[in-house]
Amino acid sequence: MLLTTLYIVGITAEAMTGALSAGKRNMDWFGVMLVASATAIGGGTVRDILLGHYPIGWVKKPEFLVITCIAGVITTVIARWIIKLKGVFIRLDALGLIVFSIIGTKVALSMGHHVIICVVAAIVTGVFGGLLRDLICRQTPLVLHQELYASVALTASTLYLTLLWLNIPELPATISTLITGYLLRMAAVRFNWRLPRFQLESESSVH
Amino acid sequence: MLLTTLYIVGITAEAMTGALSAGKRNMDWFGVMLVASATAIGGGTVRDILLGHYPIGWVKKPEFLVITCIAGVITTVIARWIIKLKGVFIRLDALGLIVFSIIGTKVALSMGHHVIICVVAAIVTGVFGGLLRDLICRQTPLVLHQELYASVALTASTLYLTLLWLNIPELPATISTLITGYLLRMAAVRFNWRLPRFQLESESSVH
Amino acid sequence: MLLTTLYIVGITAEAMTGALSAGKRNMDWFGVMLVASATAIGGGTVRDILLGHYPIGWVKKPEFLVITCIAGVITTVIARWIIKLKGVFIRLDALGLIVFSIIGTKVALSMGHHVIICVVAAIVTGVFGGLLRDLICRQTPLVLHQELYASVALTASTLYLTLLWLNIPELPATISTLITGYLLRMAAVRFNWRLPRFQLESESSVH
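These protein sequences, in sequence, are chains E, R and Y.
Taking this note's numbering, the leading residue of the first sequence gets 190, the next gets one more, and so forth.
Taking this note's numbering, the leading residue of the second sequence gets 190, the next gets one more, and so forth.
Taking this note's numbering, the leading residue of the third sequence gets 190, the next gets one more, and so forth.
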């Protein structure tokens, strides 16, 4: 219930940021809805396909897809307002990331997968939406060289799994993970924490 | 039977336009076959994966894949001739779009999905082939800012579903949808109908 | 046993070449692990998704994913050394290609698919890892205009299927395919064998 509410808030916020990327590429309404939906529910879709977890979330509940399409089109009208609310969206995005990570972990867990796969499922759910957005909009994927993003998903998933393993009931485990993960992500944004980069001259290649 | 014949015409035409894109990227024969096949049967493949509809069409009937590969290679020989027949290909592409939309709708319907998912299946079948082609060839996806394409798939699918819901038998429903959808697409091309675009300055971002 | 050992050697080598591509794009450690894994096990993943062969290889055996992630991160430390060992990597890549092709063929065969689909499974397993790497790193896919790559996978798969069809036991069939395929690939690299290219002026289009 808590997770579902936060999930809807999360996909709405993600859809809106996706729609802004589509706008920068001068796309039409269909493109806006496609990029908005890919950003918001693309991560969960890739996760479900990788795990063979059918039916995929939005195929079972098409209302999630309707929400992201509507959020995308509304964005074309209120884009200026959204851009001014940048701070709000960074917070919603952080919240969405943790919600996506917890849901991803739960799906893999419910299928009886290895703990490593549960963490991978969290990362895929949290990160691949933005990756798809950047592939469609032909931007170098942000998640691959920005502040901690996948690492936050990994940490949230690990924390959640540890709490469950310690027999903590689901609700407090979820709330603790949400708060910790959210604070970690906001700290990463504020202090510009990044993973080490790997820089290589463009000429060096084994191909 | 009618649909299968038109489907084969459709994938052949789509494969040929895909091969032309590969030629502009200076690809070798394998690349030509890959792009030709992705363009022609990529939409149906993505639809089947999203719906968990296994085995995928061309895995069950590999002859469809053979047709698209051969059509791709033939294109390398008769490219000049194809380019001159631009008008014919626009018509075949329009026909293919409606055939793909009807088939997509039928597949989702046969799996018992919500009507929204049937329409989405039609759009995915009709549109994602071209999207894959443009991703592989690194072009900004045409379907995201050209004349009505996804909208035609949506309209065709909705019309088809409505006719079935009105208890019209399948053959007349299919033919009516084919004619209406084809005319709509050709009108969109001729009169350059487009969806409203969403334009945003490149600097504005919440990321 | 032989195949599993060679498979681990193959994915390690592929992960390292993938990590080098990530380094040229200045990605962080997560990006390096993503590109390394996509390069090494992306082909098998796409094959399993296309065939509906669940659970996917690395979901069942997460240690393969752990290996590619570790190989990726190690590459960031020993990159200079790897680049100097270019010759070794070309050999390992050739070996990996044949191993991937044989495994792809075996998976499709075990599912009872048509011989054409077995060959396609070999090509997808051998080629799509590099294709995913180049899509994520926004390079024009190498496999689409370099020395024979898909053709070697096709030849290896066809040879392997023919040997099995001639009732040759699996081990000698595997070893013969490995040796023949490896030599073919190395010859293609040395003598710069390529498939004919399809060149088209950029202006010519039916779209």
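Because the hints were derived from the structure by calculation, they are not lab data.
One or more of the hints may lead you astray.
What the hints assert, rightly or not - Simulated restraints, written as ranges between beta carbons of each label pair:
no., chain 1, residue 1, chain 2, residue 2, range
1, E, K249, Y, R383, 26 to 34 Å
2, Y, N381, E, E252, 39 to 47 Å
3, E, V198, R, S299, 31 to 39 Å
4, Y, R327, E, L192, 32 to 40 Å
What the hints assert, rightly or not - Distance condition first, Cα-Cα at most 25 Å in a straight line; then the derived BS3-like pairs of lysine-lysine:
no., chain 1, residue 1, chain 2, residue 2
5, E, K295, Y, K249
6, Y, K213, Y, K249
7, E, K250, R, K295
Positions of the beta carbon are idealized from the N, C-alpha and C atoms, including for glycine.
Here is what the structure says about each hint:
Taken as a hint, the range 26 to 34 Å is violated for the pair K249(E) and R383(Y), whose Cβ atoms sit roughly 47 Å apart. Evaluation of the 39 to 47 Å hint for N381(Y) and E252(E) yields a failure: the beta carbon distance comes to about 56 Å. The supplied range of 31 to 39 Å is met by V198(E) and S299(R), whose beta-carbon atoms lie about 35 Å from each other. The supplied range of 32 to 40 Å is met by R327(Y) and L192(E), whose beta-carbon atoms lie about 35 Å from each other.
Only pairs whose Cα atoms come within 25 Å are accepted, and K295(E) paired with K249(Y) is accepted, the gap being roughly 17 Å. Distance check on the hinted pair: K213(Y) and K249(Y) sit about 32 Å apart at the alpha-carbon level, beyond 25 Å; violated. For the proposed pair K250(E) and K295(R), the alpha carbon gap of about 19 Å is at most 25 Å, so the pair holds.
Of the hints listed earlier, those the structure fails to meet are numbers 1, 2, 6, in rising order.
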